[in-house]
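Engineer: Heads up: the protein sequence lines correspond to chains E and P, in order. First residue of the first sequence: 1, per this note's numbering; consecutive thereafter. First residue of the second sequence: 1, per this note's numbering; consecutive thereafter.
Honestly, I wouldn't trust all of these hints.
Same chains, same label: a pair holds when it works inside one copy or across any pair of copies.
Taking lysine to any residue and the SDA-like style, the derived pairs with C-alpha atoms no more than 25 angstroms apart in a straight line are [unchecked claim]:
{"hint": "1", "residue 1": "Lys230", "residue 2": "Pro55"}
{"hint": "2", "residue 1": "Lys164", "residue 2": "Pro185"}
{"hint": "3", "residue 1": "Lys366", "residue 2": "Cys233"}
{"hint": "4", "residue 1": "Lys476", "residue 2": "Trp33"}
{"hint": "5", "residue 1": "Lys406", "residue 2": "Gly469"}
{"hint": "6", "residue 1": "Lys106", "residue 2": "Arg510"}
{"hint": "7", "residue 1": "Lys468", "residue 2": "His446"}
Hints in this document: simulated from the structure, not taken from any laboratory. These numbers were taken from a predicted model, which means no experiment stands behind them.
Number of protein chains: 2
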Amino acid sequence: QHAVQRQRSSVKLWESLCDSGKVLVYPVDGSHWVNMKVLIEELHSRGHSITVIRPSSSWYITEHSPLYTSITVPDEIDSLGDFIEEHLNKMIEIQRGKISTLAFLKVQMNFFSMLSKAHLIACNTVSNIIDDNELVKRLHGEQYDLVLTDPAITTGVVLAHYLKLPLVLNVRWIISGEGHFIIAPSPLSYIPAPGSGLSDQMSFFQRVKNSLFCAIVLFQNTFVVGPHYKALCDKYFDEDCDIVSFLQEADIWLMRLDFVFDFPRPTMPNVVYMGGFQCKPAKPLPEDLEAFVQSSGEYGFIIMSLGTLVDSLPADTADEIAAVFAKLPQKVIWRHLGPKPSTLGNNTLLVNWMPQNDLLGHSKIKAFVAHGGTNGVQEAIYHGVPVLGIPLFFDQFDNLMRIQAKGAAKILELSQLDGQTFEQMLLEVLNDDSYRTNMQRLSSLHRDQPVKPLDSAVFWIEYVMRNKGAPHLRTKAYRMPWYSYHSVDVTLFLLSTAAVLTFTTVAFIRWVCCRACGKRKVKNE
Amino acid sequence: QHAVQRQRSSVKLWESLCDSGKVLVYPVDGSHWVNMKVLIEELHSRGHSITVIRPSSSWYITEHSPLYTSITVPDEIDSLGDFIEEHLNKMIEIQRGKISTLAFLKVQMNFFSMLSKAHLIACNTVSNIIDDNELVKRLHGEQYDLVLTDPAITTGVVLAHYLKLPLVLNVRWIISGEGHFIIAPSPLSYIPAPGSGLSDQMSFFQRVKNSLFCAIVLFQNTFVVGPHYKALCDKYFDEDCDIVSFLQEADIWLMRLDFVFDFPRPTMPNVVYMGGFQCKPAKPLPEDLEAFVQSSGEYGFIIMSLGTLVDSLPADTADEIAAVFAKLPQKVIWRHLGPKPSTLGNNTLLVNWMPQNDLLGHSKIKAFVAHGGTNGVQEAIYHGVPVLGIPLFFDQFDNLMRIQAKGAAKILELSQLDGQTFEQMLLEVLNDDSYRTNMQRLSSLHRDQPVKPLDSAVFWIEYVMRNKGAPHLRTKAYRMPWYSYHSVDVTLFLLSTAAVLTFTTVAFIRWVCCRACGKRKVKNE
């Protein structure tokens with residue numbers, strides 16, 4: 001009670017000081033925007049004024065909103081859509097063992113070229129902004145307190161550097177590997193590279209694999225996307241800069257993870273963990289859905305969704321899954337947009353969209369069949385619902401593996417996915433109490449924090465506003481040359497000093513001995 | 001407001017669950033006890049019951065207290081007092097240039113032998129506890145939720161391991177160097193070794209010095225105190241353990257520092273920064289002191305204290321300082337227990353003890369002449385009072401150097417201490433506004449935290465209680481052999497694979513070429 005009283009007074013003090021905060025948001029489109037919007041809503045509700053820079057081709061980021069003013073900047077028409085879909089289909093085929101390793105390499109090359117293209121488009125957009133004198137004058141004139149951006153695409157960071165504004169990052173992944181690989185020491189012996197599917201406890205060959213994955217990340221950073229940012233540097237800035245040096249200037253990194261979800265690892269003082277910041281208590285369901293759910297009686301219900309990127313599985317697989325669902329005593333709500341499976345049971349409701357958070361928070365829910373996107377996994381943790389995961393691509397396997405390692409989920413890889421394994425694994429997650437117990441322990445650990453993640457995120461954004469940055473929380477060590485940072489020069493110096501000392505001592509002793517011998521010889525003669 | 005409401009409900013929930021927390025405190029005596037007592041008071045006020053293990057010879061840790069139950073254990077009579085005093089005098093003489101470098105080495109050796117003796121006594125005490133079947137039975141029977149200990153002496157950690165209880169550390173220094181050297185990667189290129197007097201931005205030769213200081217710490221750990229703990233391991237535990245492995249089992253490290261005070265550095269998820277947790281608003285002064293202070297008018301007043309270990313400076317130095325004070329328009333309150341300086345002015349009040357926190361928080365204070373102990377420095381930061389530091393020993397130089405680096409203090413080394421330099425530096429701190437401005441910026445940064453340091457400390461202690469430890473916040477990577485932890489094995493493997501591949505390829509090409517040549521030869525023939 002005492003503590004709360006004291007805290008309240010400090011929060012109040014600050015709230016009265018911070019009415020006039022002005023935030024320039026440079027978001028990444030698509031699912032990243034969903035997360036950014038949560039922060040924008042909260043900042044708006046606390047009285048800050050927000051300006052969002054949106055590309056003219058954006059569908060997700062609306063031009064008009066009660067939450068923010070938007071600045072629309074021209075971008076090249078997004079021709080990546082088809083490419084992404086093709087890439088995803090190829091990935092599914094690889095996972096299901098339908099195409100060879102050589103084809104995989106080709107897909108990887110295609111992926112690099114897609115990445116490169118996406119970043120080139122983004123770099124051109126930021127170039128367009130900087131070249132627009134009128135717009136730059138307006139941005140300077142607005143006197144923003146900070147730039148808030150998602151560094152999955154690093155151009156917001158470039159703009160913040162150009163405008164000389166404090167910088168807050170809203171991060172899940174950055175192109176140069178997970179954010180931590182850039183800001184905190186990340187020993188490869190226990191920090192798994194993103195996308196490697198490895199845990200923090202690795203065998204020898206897993207550690208070799210981890211090193212190779214890091215090499216890919218480094219390659220990607222140096223040769224695939226790096227050159228575009230280097231070009232921006234050369235064009236607009238006098239100093240020596242690149243994608244990494246831009247990122248290292250960030251005042252605060254708001255990481256969309258926490259250590260209930262992720263493995264423990266070294267971190268820096270300017271990193272704030274806000275995993276699950278988007279989670280909230282369930283709202284009541286629409287009447288028809290509530291009726292359906294209630295009809296499940298004591299057996300409860302299951303939900304299945306493979307995320308917004310994949311509308312449906314191949315028809316044969318969908319049929320097998322539907323047949324398994326039909327056998328269950330539970331009710332099932334399944335987000336499935338493809339043709340209706342022929343084996344669909346009466347207990348299964350197909351939907352185009354579902355209020356996922358409200359269903360996960362319902363008292364009758366028994367399990368969540370999910371693809372393992374960060375949002376879904378965090379919501380499952382928040383509500384304590386065990387997961388049967390079918391990871392498709394990106395970070396999904398990594399996400400699911402983290403909760404599987406804690407005994408709260410089971411992973412079914414696409415290559416194993418048929419009726420039999422699906423049934424067997426689903427029954428295990430449903431009937432073995434340990435999954436539920438473990439997930440509920442994760443849930444209670446996740447909720448056991450001195451400050452709620454969203455409050456913490458907003459505190460640190462406002463912190464940067466009122467203190468005009470947070471340079472004392474970031475190290476300047478990254479500006480050292482690599483051989484100094486890793487003490488290679490000191491080690492060589494100490495070794496050579498030791499060598500010289502040893503050599504001199506030995507030489508001196510030999511000289512003394514020789515002199516003594518010589519004298520003796522002379523004497524003897 | 002919203003945020004506070006939500007927070008309050010979670011705190012309330014917990015408070016109702018946690019009435020019955022039982023904490024076993026294994027403190028370190030002397031000034032460390034002062035800090036531990038702050039935590040004990042707060043835990044007691046929140047309804048936890050506390051048991052303190054105290055050595056029979058302790059003066060500071062009273063047997064009877066309304067805050068805790070005590071268990072008195074026999075210890076060897078503390079014969080270290082004289083030794084410490086002698087060591088301190090020697091250190092002062094060295095600082096003032098009165099004895100040579102060779103003498104310094106002798107002092108260092110003496111210091112090692114004192115350290116070794118202190119730890120041996122502590123190890124014997126914990127042996128006495130473990131050998132006392134009655135006592136062990138009682139300790140087991142009490143079913144404590146956790147052990148809270150200061151690892152400056154590591155025996156509390158050993159007892160926690162023996163009793164198999166969760167462990168929370170209240171840390172400023174540990175014998176194996178600063179706590180971070182054990183739990184988080186600490187690159188020697190920017191993490192200054194404790195006692196080195198270096199900052200986070202070092203020249204080449206400073207980095208060499210830093211490496212040598214770390215070597216001393218390592219030596220101390222391995223050969224001076226380590227063997228005593230190794231002996232405890234061999235006697236009481238079957239597994240392979242040592243002082244470092246004990247420490248790595250801690251659930252939470254409550255560090256008595258923060259990143260307003262310290263340089264930014266890598267840290268781990270189970271490290272909580274509670275620097276300044278002991279600071280509190282000033283209480284009104286006793287009437288006579290208030291009258292003295294008010295009589296200073298617009299000039300304000302200065303306080304001077306060199307901590308509890310040093311009662312007085314040498315008479316000649318005290319005279320010079322008093323003469324400088326006498327010239328000032330400010331009033332001075334000086335903790336000085338030696339003979340009254342002959343040059344003492346009317347504006348200077350000599351005291352045996354002062355309410356330091358209340359004076360530092362007084363609106364008329366202008367400067368603090370301090371020895372740089374952690375508590376004093378933290379209080380100066382909390383109240384925003386610029387410091388003229390005269391470091392004597394231990395961490396004092398390091399502490400002062402951290403605030404000097406931020407422009408909020410000036411360091412006057414004992415070797416330079418005479419009337420002239422003292423006057424010059426004191427006037428600079430008093431008259432140059434930047435010291436006050438910088439210190440007040442540190443103060444406002446220090447107070448700008450989502451949770452007050454003491455609340456945060458207690459939150460994490462209670463967190464360990466209700467979750468029965470916090471293993472998910474600490475890494476198991478330390479159990480790897482060093483060559484795996486540092487990826488030496490993986491690097492060698494990758495290098496030799498690359499070598500074999502290169503060799504094979506070259507050999508194959510040569511073979512193909514030779515065959516081709518051979519065939520051509522045959523053809524030609």
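Engineer: Any of the earlier hints contradicted here, and which numbers?
Structural biologist: 2, 3, 4, 6
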